Amino acid sequence: MNGAHDMGGVHGFGPVEAEPNEPVFHADWEKRAFALTLAVGMPGGWNIDMSRFARENRDPAEYLSMSYYQIWFVALEIMLKERALVAEDEIAAGHALHERKPVTRVLSPDDVLKVLHRGGPTERETNTRAAFKVGDRVRAKTIHPLTHTRLPRYVRGHAGVIERVIGCHVFPDSNAHGAGENSQWLYTVRFGGCELWGADGDPTLTVSVDAWEPYLEKL
Amino acid sequence: MSGHDHHHDHDHDHSELSETQLRVRALETVLTEKGYVDPAALDLLIETYEKKVGPRNGARVVAKAWADPDYRARLFKDATPAVAELGFAGRQGEHIVALENTAKWHNMVVCTLCSCYPWPVLGLPPVWYKSAPYRSRAVADPRGILADFGVTLPKDTEIRVWDSTAEIRYLVIPMRPAGTEGWSEEKLAELVTRDSMIGTGLAKDPK
Numbered sequence: 001m002n003g004a005h006d007m008g009g010v011h012g013f014g015p016v017e018a019e020p021n022e023p024v025f026h027a028d029w030e031k032r033a034f035a036l037t038l039a040v041g042m043p044g045g046w047n048i049d050m051s052r053f054a055r056e057n058r059d060p061a062e063y064l065s066m067s068y069y070q071i072w073f074v075a076l077e078i079m080l081k082e083r084a085l086v087a088e089d090e091i092a093a094g095h096a097l098h099e100r101k102p103v104t105r106v107l108s109p110d111d112v113l114k115v116l117h118r119g120g121p122t123e124r125e126t127n128t129r130a131a132f133k134v135g136d137r138v139r140a141k142t143i144h145p146l147t148h149t150r151l152p153r154y155v156r157g158h159a160g161v162i163e164r165v166i167g168c169h170v171f172p173d174s175n176a177h178g179a180g181e182n183s184q185w186l187y188t189v190r191f192g193g194c195e196l197w198g199a200d201g202d203p204t205l206t207v208s209v210d211a212w213e214p215y216l217e218k219l
Numbered sequence: 001m002s003g004h005d006h007h008h009d010h011d012h013d014h015s016e017l018s019e020t021q022l023r024v025r026a027l028e029t030v031l032t033e034k035g036y037v038d039p040a041a042l043d044l045l046i047e048t049y050e051k052k053v054g055p056r057n058g059a060r061v062v063a064k065a066w067a068d069p070d071y072r073a074r075l076f077k078d079a080t081p082a083v084a085e086l087g088f089a090g091r092q093g094e095h096i097v098a099l100e101n102t103a104k105w106h107n108m109v110v111c112t113l114c115s116c117y118p119w120p121v122l123g124l125p126p127v128w129y130k131s132a133p134y135r136s137r138a139v140a141d142p143r144g145i146l147a148d149f150g151v152t153l154p155k156d157t158e159i160r161v162w163d164s165t166a167e168i169r170y171l172v173i174p175m176r177p178a179g180t181e182g183w184s185e186e187k188l189a190e191l192v193t194r195d196s197m198i199g200t201g202l203a204k205d206p207k
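For the record, the sequence lines run as chains G and D. Per my numbering, the very first residue in the first sequence carries number 1; after that it's consecutive. Per my numbering, the very first residue in the second sequence carries number 1; after that it's consecutive.
Please keep in mind that the hints were generated in silico from the structure rather than gathered at the bench. Mixed in with the good hints there might be a few duds.
Stated by the list, open to error - To be clear about the criterion: a stretch of chain D counts as covered by chain G if any three or more of its residues have a C-beta under 8 Å from a C-beta of chain G, and this derived list gives those stretches: (1) 65-79; (2) 153-159.
Said to hold, decoys possible - So these bits of chain D aren't anywhere near chain G, every CB distance computed over 12 Å: (3) 23; (4) 183; (5) 207.
None of these values were measured; they are calculated from a predicted model. Glycine included, every Cβ here is placed at the ideal spot set by N, Cα and C.
Looking at chain G on its own, in the form it has when it is part of the complex:
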């Protein structure tokens, strides 16, 4: 979706202000919201692409007015409510009011380090052949799906070069909406600064994005 999260090239946000000696978290609630998000993914049964869509799928003004962990937290509430694991009246009351829905797994303290160390690799076996090879010229398609996509707006319609054939990876555009992993070949595509930004572009700049095969057409 063309949401406020897709920020590449947007003007007016001002300079980057780094905080010296920044702590990992700025408040206790951020720690808890972060940890809840990581832990509840297991009983919740959603995937990372569903989480990303839950975060980005909101009014642009709202997205831009929220801090990062606020966005994580409201997305977590939405995903829990969608699956009827938690209801709004329970959050308002601060206690469980309804019967517990059975879930397959809960993250135990003994499993935390194991689960983090394993992570969630997204590369998949395939018997298909990659359509593009290193050096091929391609164009990022002009697409505007209302659903989740990882093709940023600033490269759509622009020509680039295949820099690397990465492998066959879970396709977020499908996986975010429960349509299965639908793994697709993934490539690193390099675009020139002036191809993306025209006469205002920096001629010494190249921008590389990782793009799945359905995002690309051969030139």
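Fit chain D to the given chain G structure using the hints.
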């Protein structure tokens, strides 16, 4: 809930923050009562990313790449197993690529769409990395971003920006500073800053 000051990328009024604090606490209680989370697991997750996983991990990778030519070759050939040799692996680092900075080109990493960042080697991202100013401008005006960080590169240096749009996580290997010949990996690692591994900074000058 917390006596800390709030340094976010946006200002918030206090009522909004209190509302979020209360809802987070309420949700944790509900989820705990229902048996969906174990608070001890939450504590361990927080402790892991607050105390154990951070940019010192990445600094060890960089220092080893500077000091050990065989390791450097393995790292640029396939970074995920090379990083795992030092014990760093897993969530948000399942597929790592190491990017070499040279006198001719400089790499900078961003995630314009969210906040993708190589957790096992750098820990959780700082607020500025997730902020609109960085995400919007890194792909169009990286030299302007570098200026925000007080870094100026020669006009003809090629700037290679990597937008982390998939599950590949990028780690910049900064140039080794001159005057560090013969240094141990431990001593070299002290010159490696977090920002130098994102590409918004350079390794520290030993002088």
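We went through each hint and held it up to the structure:
1. 65-79: violated (count 0)
2. 153-159: holds (count 5)
3. 23: violated (6 Å)
4. 183: holds (25 Å)
5. 207: Correct as stated: the minimum Cβ-Cβ distance to chain G is 22 Å, above 12 Å.
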